[in-house]
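In order, the protein sequences belong to chains A and B. Mapping of the first sequence onto my numbering: residues 1 to 250, in sequence order. Mapping of the second sequence onto my numbering: residues 1 to 259, in sequence order.
In case anyone wonders, no lab produced these hints; they're calculated from the structure. These numbers come from a predicted model, not from an experiment. All residues carry an ideal CB built from backbone N, CA and C; glycine is no exception. Each hint should be verified, as a subset may be incorrect.
Have a look at the derived ranges for each label pair, beta carbon to beta carbon [stated by the list, open to error]:
#1 A:W196 with B:G176: 55 to 61 Å
#2 A:V200 with B:M188: 39 to 45 Å
#3 A:W9 with B:A243: 53 to 59 Å
#4 A:P27 with B:A256: 58 to 64 Å
#5 B:K137 with A:V47: 54 to 60 Å
#6 B:Q234 with A:E163: 48 to 54 Å
#7 B:N106 with A:A172: 35 to 41 Å
#8 B:R142 with A:R250: 34 to 40 Å
#9 B:H204 with A:E163: 28 to 34 Å
#10 A:V52 with B:P84: 42 to 48 Å
#11 A:A228 with B:R85: 18 to 24 Å
#12 B:L246 with A:A235: 58 to 64 Å
#13 A:R250 with B:R253: 45 to 51 Å
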Amino acid sequence: MSGEAAISWALTRATARRVLAQLRHDPRTIVMMLAVPSVLMILLRYVLDNPVALDRFAPVYIGVFPFVIMFIVAAITTQRERARGTLERLMAMPLGKLDLLAGYAIAFGLVACVQVTVVLIISLTWLGVSTPGSAVPMAVVAVLDAILGMSLGLFASAFARSEFQAVQFMPAFVLPQALLCGLVVARSAMTPVLRWLSDVLPLSYAVDAMQRIAASASWTSAISADVAVILAFTAAALVGGALTLRRSTR
Amino acid sequence: MWVNGHVSTQAPASAAVVVARGLVVRRSGHTVLDDLTFAVARGQVTGLLGPSGCGKTTLMRTLVGVQQITAGRVTVLGLPAGHPRLRDRVGYSTQEPAVYPDLTLNENLRYFGTVLGLRRDRLQAACAATIADLDLKGLEDRLVSTFSGGQLARVGLAVALLGSPDLLVLDEPTVGLDPVLRRDLWQMFHRLAAAGTTLLVSSHVMDEAARCDYLLFMRDGRFLAEATPAQIRQQTGAADLEAAFLQLATGAREEAANR
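Isolated chain A (complex conformation) (with noise of 0.2 Å):
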């Protein structure tokens, strides 16, 4: 459809707007948001009571929460906005579904940085987390998790009829991800199957990128095509993602 594919900056700009508004007048969403992750790095450093697992484990789950958290947030925003008619408006009016799509990204990837700052500062700092990584590339990274999250929460929300459906896909589309991903067995150790699932879902090649950020010193080229990898999947459900926003209903 013309127009569809232009991308206008001003309408993405005020989408992201609106977004955070809501989210401002919201302080207790903003707390949860930002506390989570912490609470539940300090909790893991009590669970693990050992540095050493602590060193291995903290910068995985520092890309974990995020994307979980920003899954489940974007599954229900998107859709409640159905839920509320605020999104057919919105397709009855001139605004691109890129336009809302990147806003919606825009808006929450400034959350993720928040979110992801001061998990970091926690680990780094108070929790005594150390890994010859340094932590630029590892916020990077985990800030690029919670995005592809969002993403699939997006997408993800489509296929909800009721909120209560939303809710009940972390479970669905998150949990399977995370015993696949290498967090409760290694990668290598699972079987052919189970490893080839593994390696068609996103988040296994979070915690990779994670795991491989904290192992070393430098950025290396195998980060780089975990981060294509991510990167690729984060477009593959935005895209996935307007292509469910639809203008008109049969």
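Chain B: place on chain A using the hints.
Just chain B now, with coordinates in the frame of chain A:
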């Protein structure tokens, strides 16, 4: 003129903002709109009257372009309904207000206004004008979730009015409003119409029919009548429009039974 118990006056096509020919919408095997042919004249308030569930909302959704049509043709302002160039020329308000409860009134209006292409001074002016028109002054910085039902309904209307559209499609805009406000809104509708805006307003309350310039009486996805209120009263001989509707509905049912 009477055609099979169906009151019909053809509006001249040149003055028509909406033209539908043989419009059919079927949804999951059920015919919601059954072969409708009609026109909506420019600069008038056209009322779409009928019981709930008769297809009013589906018809309005078709004009706005959010409902796909099964057969027939609908043009709005000379373009097929739902054409991208119509998106800032047609204002639409749904029965549920379709605004963000977790934003203030101002934030809602500014966002939708920006989407409609308004910027800076024009955005400011449009927001101020609709807030005044809909008697929402003093509520600008309050969260919409704290509004009463009537206030909420007016926020939905405000968004539809924001971009000064050429065609306003308003689905049950006065439901649940107090009589004074209802009268004010109808006065505003006529003011807008006098200034050249075309309005299609749905209602299931027959006492609102008399306030329209032209009526589409609808039942079970078909039109019982399309004429001015005076013509309908005259041709049915009924004292009021409610009685006229009943008479037309009974006539249509008997006709269907005899077929």
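Here's how the hints hold up against the structure:
1. Hint check: A:W196 to B:G176, Cβ distance near 57 Å, so the stated range 55 to 61 Å holds.
2. At roughly 57 Å, the beta carbons of A:V200 and B:M188 sit outside the given window of 39 to 45 Å.
3. Between A:W9 and B:A243 the C-beta distance comes to about 58 Å, which sits within the given range of 53 to 59 Å.
4. For the hinted restraint 58 to 64 Å between A:P27 and B:A256, the CB-CB distance of approximately 59 Å keeps it satisfied.
5. The beta-carbon spacing between B:K137 and A:V47, approximately 56 Å, falls within the hinted interval of 54 to 60 Å.
6. Roughly 52 Å separates the CB atoms of B:Q234 and A:E163, a value that falls within the hinted 48 to 54 Å.
7. The hinted range of 35 to 41 Å is satisfied by B:N106 and A:A172, whose Cβ atoms lie roughly 39 Å apart.
8. The beta-carbon spacing between B:R142 and A:R250, approximately 38 Å, falls within the hinted interval of 34 to 40 Å.
9. Separation of B:H204 from A:E163 is about 29 Å and conforms to the stated range, judged on CB atoms against 28 to 34 Å.
10. For the pair A:V52 and B:P84, the beta carbons lie near 60 Å from each other, so the given range of 42 to 48 Å is not met.
11. Checking the proposed 18 to 24 Å range against A:A228 and B:R85 shows it is violated: the Cβ atoms sit about 39 Å from each other.
12. For the pair B:L246 and A:A235, the supplied restraint of 58 to 64 Å holds, since their beta-carbon distance comes to about 59 Å.
13. In this structure the hint that A:R250 and B:R253 lie 45 to 51 Å apart at CB is violated, the actual value being about 30 Å.
The structure does not agree with the numbered hints 2, 10, 11 and 13 stated previously, though it agrees with the rest.
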